[in-house]
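J.: Sequence:
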Amino acid sequence: MLTSLLPGVSSNWLVDQEDGFQFFLGVRHILQGFLQRQEAADSIMRYVLGLYVYWEVTAPYFQPRQQSSAHAGLVPDLKTIVRRYLGDSPHTVLGLGSTIFPILAEVGQHYRRMVEGQDCLTEMHEDELEAQLLNWKVPEQAHRSPDNHPMLRLLADAHRWTGIVMLYQAVSVQTKLTSERRDLMDRAIVSVMETLRLMPSGSSYETAVPFLAIVVGSELRQQDLGYRAMLRAFQGRLEQSVRVRAYSDMFQQLSRLWNRRDAGESLTWLELMYEEAFFPPIV
Numbered sequence: 001m002l003t004s005l006l007p008g009v010s011s012n013w014l015v016d017q018e019d020g021f022q023f024f025l026g027v028r029h030i031l032q033g034f035l036q037r038q039e040a041a042d043s044i045m046r047y048v049l050g051l052y053v054y055w056e057v058t059a060p061y062f063q064p065r066q067q068s069s070a071h072a073g074l075v076p077d078l079k080t081i082v083r084r085y086l087g088d089s090p091h092t093v094l095g096l097g098s099t100i101f102p103i104l105a106e107v108g109q110h111y112r113r114m115v116e117g118q119d120c121l122t123e124m125h126e127d128e129l130e131a132q133l134l135n136w137k138v139p140e141q142a143h144r145s146p147d148n149h150p151m152l153r154l155l156a157d158a159h160r161w162t163g164i165v166m167l168y169q170a171v172s173v174q175t176k177l178t179s180e181r182r183d184l185m186d187r188a189i190v191s192v193m194e195t196l197r198l199m200p201s202g203s204s205y206e207t208a209v210p211f212l213a214i215v216v217g218s219e220l221r222q223q224d225l226g227y228r229a230m231l232r233a234f235q236g237r238l239e240q241s242v243r244v245r246a247y248s249d250m251f252q253q254l255s256r257l258w259n260r261r262d263a264g265e266s267l268t269w270l271e272l273m274y275e276e277a278f279f280p281p282i283v
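By UniProt numbering, the letter at position 107 of the sequence shown is numbered 107, and the numbering carries on one by one without gaps.
Accuracy of the hints is not assured; some may be wrong.
[Stated by the list, open to error] Calculated lysine-lysine pairs in the DSBU-like style (CA-CA distance at most 35 Å, straight line):
| id | residue 1 | residue 2 |
| --- | --- | --- |
| 1 | Lys176 | Lys137 |
| 2 | Lys137 | Lys79 |
| 3 | Lys79 | Lys176 |
Read the hints as simulated data drawn from the structure, not as lab findings.
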């Protein structure tokens with residue numbers, strides 16, 4: 001599985017036209033058999049499984065156009081992976097928030113299907129997802145771990161708030177947000193942006209920033225000049241230290257979205273990606 005996972009994550013680092021999705025499908029197939037056999041997982045496999053779960057969360061943003069429905073049935077049960085192999089302990093990729101990522105993946109797939117005009121989730125199901133996100137807390141076992149760094153706690157909560165942003169983006173594709181949800185969206189944006197502001201430059205935790213920055217940053221409004229400037233500064237640091245073309249492409253797309261929203265358009269980031277048929281990987 002590792003030999004499929006690594007090329008999938010890194011394909012776009014070298015070749016712009018590669019999205020790594022074919023490797024992603026291969027990992028899904030391998031995992032189905034792994035879960036059926038209920039095999040044990042050592043520390044390396046635990047790392048790989050966590051990386052895969054993170055990849056599944058970002059899948060709605062990089063899988064090629066019209067691929068989400070064709071392969072929806074192939075997605076392994078992420079909650080089973082987390083419960084059986086990852087538990088509540090800190091993870092190198094997922095931090096303290098392993099249990100929030102299956103919820104984020106479900107929200108992301110709902111968002112993608114809404115943009116494609118094919119989802120039929122009921123309002124009750126959306127309310128259930130909203131409640132799961134709002135009620136989620138860092139597991140008690142993770143709190144007691146010696147690896148329980150304050151920034152990990154902040155990042156776990158930032159992912160929870162990012163899920164709220166994603167869910168409300170999905171809802172807003174077809175209906176206007178209520179004033180209550182708009183206020184909660186604003187609260188989520190501020191919470192995530194303030195967590196990113198606290199991130200020390202050069203920190204090992206910066207690898208978690210691109211997903212949060214792009215998804216939540218896409219909702220920054222014209223008056224949020226300070227937060228927009230912060231993300232542009234982060235973009236500069238990231239391009240100097242990592243030099244992955246996909247990051248530059250994502251932030252350029254983010255700037256185009258800001259320009260269009262400043263001009264009065266109400267589209268979300270995933271809608272712009274779909275319109276441009278350009279899905280840069282954000283793993």
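J.: Compare the structure with the hints numbered earlier in the document and write down the numbers of the violated ones, lowest to highest.
T.: Violated hints: none; all satisfied.
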